[in-house]
Amino acid sequence: MIERDDHQLRNGFEALRREDAAGTPPFGATVAGARARQATVPRHRALRLAAAAVAVVAVVVLSIWRERDGVRLQIDLATVRWRAPTDFLLKLPGDELLRSVPQLGSRGLDRRTL
Amino acid sequence: MAADLTAELEQLHAAAFGWALSCCGWDRTAAEDVLQASYLKLLDGRARFEGRSSFRTFVLGVIARTAREARRRSALRRWLPLASLVLGPEAADGRPDPATALARADDTTRLVRALERLSARQRQVLHLVFYEDLTIAEAAAVAGISVGTARTHYERGKAALRKLLEKERA
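First to last, the protein sequences are chains E and H.
In this text, residue positions in the first sequence follow our numbering: the first is 1, and each later residue adds one.
In this text, residue positions in the second sequence follow our numbering: the first is 1, and each later residue adds one.
Looking at chain E on its own, in the form it has when it is part of the complex (with noise of 0.2 Å):
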């Protein structure tokens, strides 16, 4: 049954080939189609390197424009400083004493007082 089927579809395609065949274009015309589109493809090599040199180029003029004339966003970093409300805690009595250089002959560190 398979084999017979196989047969009938073989026979499909074998009529399908004689049609194909019939009207297939002569060989000489394709292949002079072929080597008059290889006389174009040179142009069509240059017209996509022109393709990509202009959108490089539109990339690189726009990046500067907007470069020149766009608002740059500046960040105060000391505006968005946070400070935690228990920060209180973690200041110790006296410790501006340990944030300052001593000085000699200050009143503070005289070794009169000391």
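A couple of the hints might just be wrong.
Calculated pairs, SDA-like style, for lysine to any residue (alpha carbon to alpha carbon, straight line, at most 20 Å) [what the hints assert, rightly or not]:
| no. | chain 1 | residue 1 | chain 2 | residue 2 |
| --- | --- | --- | --- | --- |
| 1 | H | Lys41 | E | Pro26 |
| 2 | H | Lys41 | E | Val101 |
| 3 | H | Lys158 | H | Arg117 |
| 4 | H | Lys41 | E | Ala29 |
| 5 | H | Lys158 | E | Arg17 |
| 6 | H | Lys163 | E | Gln8 |
| 7 | H | Lys41 | E | Ala36 |
| 8 | H | Lys41 | E | Arg17 |
| 9 | H | Lys163 | H | Arg113 |
| 10 | H | Lys41 | E | Arg48 |
| 11 | H | Lys163 | E | His7 |
Worth flagging that the hints you see were computed from the coordinates, not collected in a lab.
With the hints as your guide, set chain H onto chain E.
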């Protein structure tokens, strides 16, 4: 060398055109365009035969790849209107040629109509086996798929094609 290549191509010309027609959905203009582009690749050495398969399998593979590229370019043209400036004019609209369809006998018209309703892979594998007389392994090499996948497409495609033909006859 070039003369040998041309002579070998001439021997395969009818089979190559039939395969190009199948790859282009029986659009004659598109098939001629794909065939010319494939011959150009072969003649200017962009597609070089290295003896890994038979010359026939190699040529049919080049045509299949070229048809795929043509389909991609066509899709790109549809999606990007400006792409036609770079890619050039479209060769054909991808529909079967009415003159070719009219010249066909009823049986072959039914077969072509049924083949068009199969998946592209099933149609390719059946065409390569029944029309081009390739083995399933050779058909797999041309279509760029594994032998197992080609065998599956072959069996399922045959079953689907039989059903479609029976429906067409009824």
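Each hint, compared with the structure:
1. A distance of roughly 19 Å separates the Cα atoms of H:Lys41 and E:Pro26; the hinted pair therefore holds under the 20 Å criterion.
2. The straight-line distance between the Cα atoms of H:Lys41 and E:Val101 is roughly 82 Å, outside the 20 Å bound, and the hint therefore fails.
3. In summary, the hint linking H:Lys158 to H:Arg117 is supported, as the alpha carbons are separated by about 12 Å, within the 20 Å threshold.
4. Annotation: proposed proximity of H:Lys41 to E:Ala29 holds, straight-line Cα distance about 16 Å (limit 20 Å).
5. Simply put, H:Lys158 and E:Arg17 have alpha-carbon atoms about 18 Å apart, close enough for the 20 Å limit, and the pair holds.
6. With a CA separation close to 13 Å, the supplied pair H:Lys163 and E:Gln8 stays within the 20 Å bound.
7. At most 20 Å may separate the alpha-carbon atoms for a hinted pair to count; H:Lys41 and E:Ala36 meet this at roughly 13 Å.
8. Pair hint H:Lys41 plus E:Arg17 does not hold up; C-alpha atoms about 25 Å apart against a cutoff of 20 Å.
9. In summary, the hint linking H:Lys163 to H:Arg113 is supported, as the alpha carbons are separated by about 13 Å, within the 20 Å threshold.
10. In summary, the hint linking H:Lys41 to E:Arg48 is supported, as the alpha carbons are separated by about 19 Å, within the 20 Å threshold.
11. For the hint linking H:Lys163 to E:His7, the alpha-carbon distance of about 15 Å falls within 20 Å, and the restraint holds.
Violated hints for the displayed structure, listed by number in ascending order: 2 and 8.
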